[in-house]
Amino acid sequence: MGVDLLIHGGGLDSTGPKHPRYRITNESLSAIMEGLQIQQGDRVLAVCGSGDQAFAMLELADRVVAFDCREEQVEFALYKLKLLERGEFEEFRAIDDIRLRAKTRFTRRDYFTTERLERIREHAGRLETEVANLYSLPLRFLGLNAYTKLYLSNAWAHSAGVENFEVEDNDFLAATLNRVLRSLCIGGLLYVTETRLFTLRITKFPLSLHEELSETALYREREGSIWIWNPAVYVKTRGVSCDS
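Mapped onto this note's numbering, the consecutive letters of the sequence shown carry residue numbers 7 to 250.
Don't read these hints as lab results, they were simulated from the structure.
Any given hint could be a false lead.
Calculated lysine to aspartate or glutamate pairs in the EDC-like style (CA-CA distance at most 16 Å, straight line) [as the list claims (entries may be wrong)]:
(1) LYS88 - ASP116
(2) LYS88 - GLU128
(3) LYS88 - GLU134
(4) LYS109 - GLU229
Using C-beta positions, here's what the derived DEER-type ranges look like [said to hold, decoys possible]:
(5) ARG92 - ALA181: 38 to 44 Å
(6) ARG105 - ARG146: 34 to 40 Å
(7) ARG185 - ARG122: 31 to 37 Å
(8) GLY149 - ARG27: 28 to 34 Å
(9) ASP249 - SER214: 18 to 24 Å
(10) ILE234 - ALA181: 25 to 31 Å
(11) ARG27 - GLU218: 30 to 36 Å
(12) ASP116 - LEU215: 28 to 34 Å
Even for Gly, the Cβ is constructed at its ideal location relative to N, Cα and C.
Construct the complete structure from the given sequences, taking the supplied hints into account.
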């Protein structure tokens, strides 16, 4: 699913990473932002992917930790961050992926207005990145009560994340999710894109479906893309308070 050349406007930029699998997000940024209710004061742990989701969160959140098991994705996100830091907003918006439907691509461009990118640029120092797998995140990122929001996208079952692990082992999956959830404070929100798979394994955890926010995310997803995502938002029901 890769396109080797990074096109900026009408030219080829030879300075950026050449083989990112995901160049722009194939999800609705409005669905993620409204579903997670990202706001000032938030501390977010997020799957990196193209980096677009993390950049959207940077507009408001106090801290965003973006991780990805693919080094080229983290490098690509940092490349895009440098474009923002240099004020090269048109170059940032011009990054494209012709494999995606036009509606998805144009919605992403429309979301990143100049005013919004200016605010994201001001908060660039709030972003941390890490090449890491969801199933083996370094403990330094998983402190108790470290985050108010978790954005896992479809990493819970993505082949790139689980191919080196015994994913058929339910105990392993449960231990992994518990390890990550430990870092989410009570009342914190968790966003996933693949509801059906996730709900099969959710009954043992201190999570409850937030129906209103899930409906909002689904509405925005259908409005902003033609991708087949079925997002859901969960709230953590037991643990340490976000205010502790």
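Consistency of the hints with the structure:
1. LYS88 - ASP116: It is violated: about 20 Å lies between the C-alpha atoms, which goes past 16 Å.
2. LYS88 - GLU128: 12 Å, holds
3. LYS88 - GLU134: Holds. LYS88 to GLU134 sits at ~14 Å (cutoff 16 Å).
4. LYS109 - GLU229: Roughly 9 Å separates the two Cα atoms, so the pair holds.
5. ARG92 - ALA181: 38 to 44 Å: Holds, at about 43 Å.
6. ARG105 - ARG146: 34 to 40 Å: 35 Å, holds
7. ARG185 - ARG122: 31 to 37 Å: Since the Cβ atoms of ARG185 and ARG122 sit about 34 Å apart, the hinted range of 31 to 37 Å holds.
8. GLY149 - ARG27: 28 to 34 Å: 30 Å, holds
9. ASP249 - SER214: 18 to 24 Å: 19 Å, holds
10. ILE234 - ALA181: 25 to 31 Å: 30 Å, holds
11. ARG27 - GLU218: 30 to 36 Å: 33 Å Cβ-Cβ, so the 30 to 36 Å window holds.
12. ASP116 - LEU215: 28 to 34 Å: 30 Å, holds
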